[in-house]
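Got chain A sorted already, so can you dock chain B onto it with the hints?
Number of protein chains: 2
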Amino acid sequence: MIQKLISGIKEKDAPIVVGLDPTMKLMPKSLVDKHIAEHGQTLEAVGEAMFDYNKQIMDACADLIPAVKPQIAMYESYGIPGMIAYKKTVDYAKELGLVVIADIKRGDIGSTSTAYALGHLGSVQVGDYKYQGFDADMATVNPYLGTDGVKPFVDVCKEEDKGIFVLCKTSNPSSGEFQDRLIDGRPLYEHMAEKIEEWGADTREGNYSNVGAVVGATYPEMGAKLRKLMPHTYILVPGYGAQGGKGADLVNFFNEDGLGAIVNSSRGIIAAYQQEKYAKYGEANFAEASRAAVEDMLADIRGALN
Amino acid sequence: MIQKLISGIKEKDAPIVVGLDPTMKLMPKSLVDKHIAEHGQTLEAVGEAMFDYNKQIMDACADLIPAVKPQIAMYESYGIPGMIAYKKTVDYAKELGLVVIADIKRGDIGSTSTAYALGHLGSVQVGDYKYQGFDADMATVNPYLGTDGVKPFVDVCKEEDKGIFVLCKTSNPSSGEFQDRLIDGRPLYEHMAEKIEEWGADTREGNYSNVGAVVGATYPEMGAKLRKLMPHTYILVPGYGAQGGKGADLVNFFNEDGLGAIVNSSRGIIAAYQQEKYAKYGEANFAEASRAAVEDMLADIRGALN
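Residue numbers (my numbering), protein chains in the order written: chain A, 1 to 306; chain B, 1 to 306.
The shape of chain A in the complex, shown without the other chains (with noise of 0.2 angstroms):
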């Protein structure tokens, strides 16, 4: 799977994910009222109205983009409404040949994980038919479990050809609480690293491996220690734009061959018709909106890596 993701990224010149995370403050109000005039003040209206949202979203920006990664727990809040909403865009995504990063950060002792991996990224077998619960390519995976936790997943990227970005240090504030603590004089998150690494050792195509990792924009210095020491690894990278990270900090998250890394933006770019940089698109085509910013976003990145 990671080579088809790197085929995506090097086709596009695009080492970008666009982050499809609905809620009811980024999307249009205007296309939320459709659908509510359509199934009433429910659930299912705003499951419709987000799946809405991101194919459009989709469609308009499919052919710059390699990948999508829909943060699963903004679905969850609507219940199966919403996690309908999930299943659709990843079918969706899937349809228009994007790559698919669930991010679920799923992960506990092993025989659940296993449910877990088989549930978003393998199949299960009922009588005589194999079936995908949610069929995503890759997904990303917590591993406060150790590698009991972790395996499960590997395995099914091994039996299915797919891929999984585990955490390792991640964008938010406190990300330091736990993983930045020093461990034999050395942060959490460097031990950490190597497991990846380690985790991901048989499952190479070429010279990176089905397990990556999880990276945040927000620690550009880290960003390179932790770039030498997975030299296998794809770093998965959170944090841009909305949260904070600029082109200018993501050199150090890429390897010399250019690649290695790909960087998400969510809000940043599925919202984009809400900054005043792209206010003159208006609320009623948020999707060019989307576009422009996904144009603005590569010219960023693309600049910095010159």
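Source of the hints: derived by calculation from the structure; they are not laboratory data. Some clues are possibly wrong.
Simulated coverage check for chain B against chain A, where a stretch passes if three residues somewhere in it have a Cβ under 8 angstroms from a Cβ of chain A [to be verified]: (1) 66-74; (2) 80-88; (3) 104-114; (4) 165-174.
In this text the structure is predicted, and so the values were computed from the model without any measurement. By construction, the Cβ of each residue, glycine as well, lies at the ideal position given by its N, Cα and C atoms.
Positioned in the frame of chain A, the structure of chain B alone reads:
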């Protein structure tokens, strides 16, 4: 919410919770076949079987236990029909007056944790109406991202009188890989314990807070230490039964008031009919076998505590 849980524990003299983690291997074949006959070899059939299985076990055991703990991963494996079975399980347990501990192990950056907390413990607004996505009473939370990933759950607990259990020292074999590593001379799980006590400080109802901790039965010596470090924290103790923990190991997890811990058993209860000890019940009477296993678990734990 913690006082509601404590009331149930006292009333039934039962500091236990039954883990509702249905899988194809655990459910009686005849039960699954019944639903396949109705819905074909589909995800819907499995979802219906899961709920039927849970319902019969809850009906058989509800008067003996204060709470159930559905493990959401088992339902996510089966996609949307699985999630519907999860929701029906939560709703039915609440109809029976059981406290529902959603074993979801969610945790993310602040705004995303808010979405999870609202979806599983709180509510969302759609126009003039409030909706609960998945309306559990308590939920498990993964703290790898630090305070700003946990705080949104604590806030929802305060607003909606709900509770959480934060992962501290998990029951799985490799939990020590990160959780036991020494930071300033003390294992990470002890630092976590102090944070958990702190996060819960202003959510106390009587002697206990609405922010609990998860500490595995498989590590009884660490349990004793953690019990002392978190005097106002309820401990959810997984790992009893199938994972190897025994009644005698559990004494350490309780305070001198006889409270402070709730012990989970999943497979050992819900698939009791598969054990030689309960074979006489047969597959058809699986729920009665579960009831007998609950009675034996209670006798084991009450014996150890006296």
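Structure-based check of all given hints:
no. : hint    : in the structure
1   : 66-74   : holds (count 3)
2   : 80-88   : holds (count 5)
3   : 104-114 : holds (count 8)
4   : 165-174 : holds (count 6)
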